[in-house]
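J.: The task is simple: from the sequences and hints, build the whole structure.
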Amino acid sequence: MAVMNVNPTRMELTSLKRRLVTARRGYKLLKDKRDEMMKKFLNIVRENRELREKVETLIEDANKSFVVARAMMSDAAMEQALMYPSQKINLDVDIKNVMSVELPVFKFSFENEDESGMYPYGYATTSAQLDESIKALSQVLPYMLRLAETEKSAQLLAAEIEKTRRRVNALEYVLIPNLTDTIRHITMKLEENERGNLTRLMKVKDMMIQQQYNAKAQQG
Amino acid sequence: MYKMAVIGDKDTVMGFQALGMDVFDAKTGNDAKQFLKDAAEKYAVIYIIESLAAEITDVIERYAEKQIPAIILIPGREGSLGIGMDGVKKSVEKAVGADILFKD
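Protein sequence lines correspond, in order, to chains A and B.
Numbering-wise, numbering that gives the first Met the number 0 puts 205 at position 206 of the first sequence, and it's gapless, one number per residue.
Numbering-wise, numbering that gives the first Met the number 0 puts 58 at position 59 of the second sequence, and it's gapless, one number per residue.
Some hints here could point you the wrong way.
Claimed, not checked - Estimated spans, in silico, between C-beta atoms of each pair: (1) B:K26 to A:K27: 32 to 40 Å; (2) A:G25 to B:D24: 47 to 55 Å; (3) A:D31 to B:T56: 18 to 26 Å; (4) B:G96 to A:Y83: 47 to 55 Å; (5) B:E92 to A:K16: 34 to 42 Å; (6) B:E77 to A:R165: 51 to 59 Å; (7) A:D31 to B:D24: 44 to 52 Å.
No lab work stands behind these hints: they were computed from the structure.
Since this is a predicted model, take the numbers as computed values, not measurements.
Here a beta-carbon is modelled for each residue, glycine too, at the ideal position from N, C-alpha and C.
T.: Okay, here's the thing in structure tokens:
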């Protein structure tokens with residue numbers, strides 16, 4: 000029983016009742032928001048997990064072939080081959096609004112669409128393994144971007160869900176019980192006053208009747 | 000227009016350079032930290048290899064609740080260390096309160 004520190008008056012009672020109605024409505028809305036966000040979050044996080052598994056294995060494979068390629072070529076030749084990329088990635092960021100959480104959406108395109116644009120070097124001084132590993136990496140790229148998008152979305156949604164859950168709990172376990180307790184307290188106090196008033200009136204009436212009776216008895 | 004960056008040791012990041020990403024050759028966590036401090040706003044996505052990310056989790060967490068940049072962990076030379084997956088797990092725990100996806 001946690002009663003707020005307010006005066007037990009009729010005016011307070013009305014305003015508290017109004018607050019209780021608002022709190023109940025807010026609680027219901029926030030709870031719906033939390034449930035819906037949770038549904039969305041679970042979908043996203045499932046996708047996140049699959050993408051991560053996929054990207055991790057693909058990158059590991061690419062790394063392996065890269066190590067082989069590196070072993071076949073000298074450091075200097077390798078660096079020379081990869082130093083100036085002929086490929087450029089255009090990355091656009093859009094914002095998608097999911098339950099008032101703003102999630103980024105990444106869109107990308109290669110400037111050089113055809114496959115030859117992928118390799119920034121001539122074929123003369125480089126090994127075939129290098130071609131392989133670059134190709135492998137370029138195939139991972141779309142997944143890596145999807146991963147970035149879903150992982151970020153999952154993080155942002157998780158933070159928002161946590162906040163919303165706190166609010167829902169604060170309303171459910173603190174504010175609403177406090178309000179109901181206080182309202183009951185005030186109602187009881189007011190009723191008590193009412194009863195006190197009534198007995199006082201009855202007492203006064205009795206005393207008046209007694210006085211009249213005594214006065215009549217003296218006259219008669 | 001945003002760019003993408005890869006932070007890691009030379010061996011792993013060089014290939015990404017050919018794809019037109021910006022690469023940053025970081026040897027220690029401090030290098031990576033400095034890079035994030037200087038250039039994080041320019042990039043929409045920053046990939047960082049797990050072994051480096053493990054050294055600077057505090058800095059990475061700071062970016063977790065911002066829309067941009069998305070800092071994504073990728074396996075480095077050593078292969079996957081499971082740190083990236085832990086991040087996914089953590090966000091599940093944060094949202095749900097319990098780990099319901101990775102129990103198996």
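J.: Take the C-beta atom of G96 (chain B) and the C-beta atom of Y83 (chain A), compute their distance, and say whether it sits inside 47 to 55 Å.
T.: holds, 50 Å
J.: Is 34 to 42 Å right for how far apart the beta carbons of E92 (chain B) and K16 (chain A) are?
T.: holds, 39 Å
J.: Look at the Cβ atoms of D31 (chain A) and D24 (chain B) and judge whether their distance stays inside 44 to 52 Å.
T.: holds, 49 Å
J.: Does the Cβ-Cβ separation between D31 (chain A) and T56 (chain B) fall within 18 to 26 Å?
T.: violated, 35 Å
J.: Given the range 51 to 59 Å, decide if the beta-carbon distance of E77 (chain B) to R165 (chain A) lies inside it.
T.: For R165 (chain A) against E77 (chain B), whose Cβ atoms are near 39 Å apart, the range 51 to 59 Å is violated.
J.: Taking the beta carbons of K26 (chain B) and K27 (chain A), is their distance inside 32 to 40 Å?
T.: violated, 55 Å
J.: Do the Cβ positions of G25 (chain A) and D24 (chain B) conform to the proposed distance bound of 47 to 55 Å?
T.: holds, 52 Å
Violated hints for the displayed structure, listed by number in ascending order: 1, 3 and 6.
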